[in-house]
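No gaps in the numbering here: position 113 of the sequence shown is 112 in numbering that gives the first Met the number 0, and each next residue is one more.
Wrong hints could be hidden among the right ones.
With a straight-line Cα cutoff of 20 Å, these simulated SDA-like cross-link-like pairs (lysine to any residue) come out [to be verified]:
id, residue 1, residue 2
1, 214, 319
2, 165, 280
3, 165, 246
No wet-lab data here; the hints were simulated from the structure.
All of these numbers come straight from a predicted model, not from anything done at the bench.
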Amino acid sequence: MPLGFVDTLVVFLSLGISLLIVVPLTGVLVRFRANYNPKALQLDAEGGAAPHTGPVVNSYFSMMARVWRIEGIAGLYKGLMPTTISTVFVTIVILIFLDTPKPRHGAYKAPDTRFLATFAYSVGMMLISLPTAVLTYRSITTPHRLGYFNLMKSLRVLLTSTERQKPWIIYLTPGLLAAETLHIALVTCILNPLRRVLLPTITPQLDITEISLWKAAVYFVIVACATIALAPLEVIATRLAIQRNHASTDYDAVAQEPESEGDGIPEYSGTDEDVIGLRHEGDPYTGLVDCAKNIVNEEGVMALYRAWWVTLLGGLGSAFV
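Full structure from sequences and hints, please.
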């Protein structure tokens with residue numbers, strides 16, 4: 000049934016409150032997973048070995064404190080505009096086209112159907128939202144100060160000239176679609192069907208006695224095991240999303256993208272201290288497997304499990320949806 004004015008107003012007010020909470024938490028998570036912290040020694044200007052001097056941040060909350068110390072409240076809300084635009088757009092589509100007496104905000108759930116249809120539906124939604132997700136991740140990790148309403152200048156910083164001329168090339172980012180699709184497959188084709196088998200659907204009429212403790216325990220163990228695969232995929236997807244696509248022929252980062260593109264846009268932390276370190280664009284990841292191998296070789300296997308508990312909590316939370 001159509002929503003009235005008051006109901007619609009309540010939905011958007013709730014949405015705004017949710018964004019005020021979610022955006023800083025998501026921004027810290029993206030930066031923590033994107034931070035490049037190689038363990039190997041680097042060569043200095045004279046050819047001698049020198050330890051890596053980039054930021055070493057070992058926990059989610061340490062990253063949150065670092066963002067607050069260097070960039071303040073504005074840094075915590077990096078990525079606010081693309082997140083708001085995409086969320087409002089999806090909410091409007093739901094309110095217009097979906098006949099639902101209980102509108103949901105701040106959450107997305109594929110329709111309950113056979114898992115292959117759910118998988119296809121989820122992949123379709125991922126393809127629609129991927130460009131916005133890429134822009135959001137890059138706006139969070141860029142060292143530049145981006146204006147909330149200066150769209151063209153922001154796009155010049157976040158996208159290469161190749162990506163601006165051929166926007167579809169974002170979908171060809173090596174390994175990104177593979178990582179996202181594999182993540183969706185694990186959730187929709189394995190976790191969701193097992194949840195339906197082991198746990199009852201949560202409704203107001205549900206009797207607590209209908210929940211089998213041993214089945215719930217089995218499902219929680221399955222979620223924990225799935226986290227072993229899902230957490231690395233989320234870290235890899237983050238790294239690949241912020242990796243800009245340059246022209247592939249005779250690649251030269253300096254030649255392809257003049258450094259002046261970012262000139263004139265002040266940075267939060269200046270040149271002495273950055274919130275996070277980023278891998279040099281001249282040595283990009285070439286795919287999902289290559290990304291995983293390089294992260295393990297350069298930063299250690301635990302870099303693939305940064306904020307793994309967020310993935311675990313998300314999986315456990317799905318049991319109550």
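Going through the hints against the structure:
no.: 1; hint: 214 with 319; result: holds, 14 Å
no.: 2; hint: 165 with 280; result: holds, 19 Å
no.: 3; hint: 165 with 246; result: holds, 10 Å
The earlier numbered hints are all upheld by this structure, with none contradicted.
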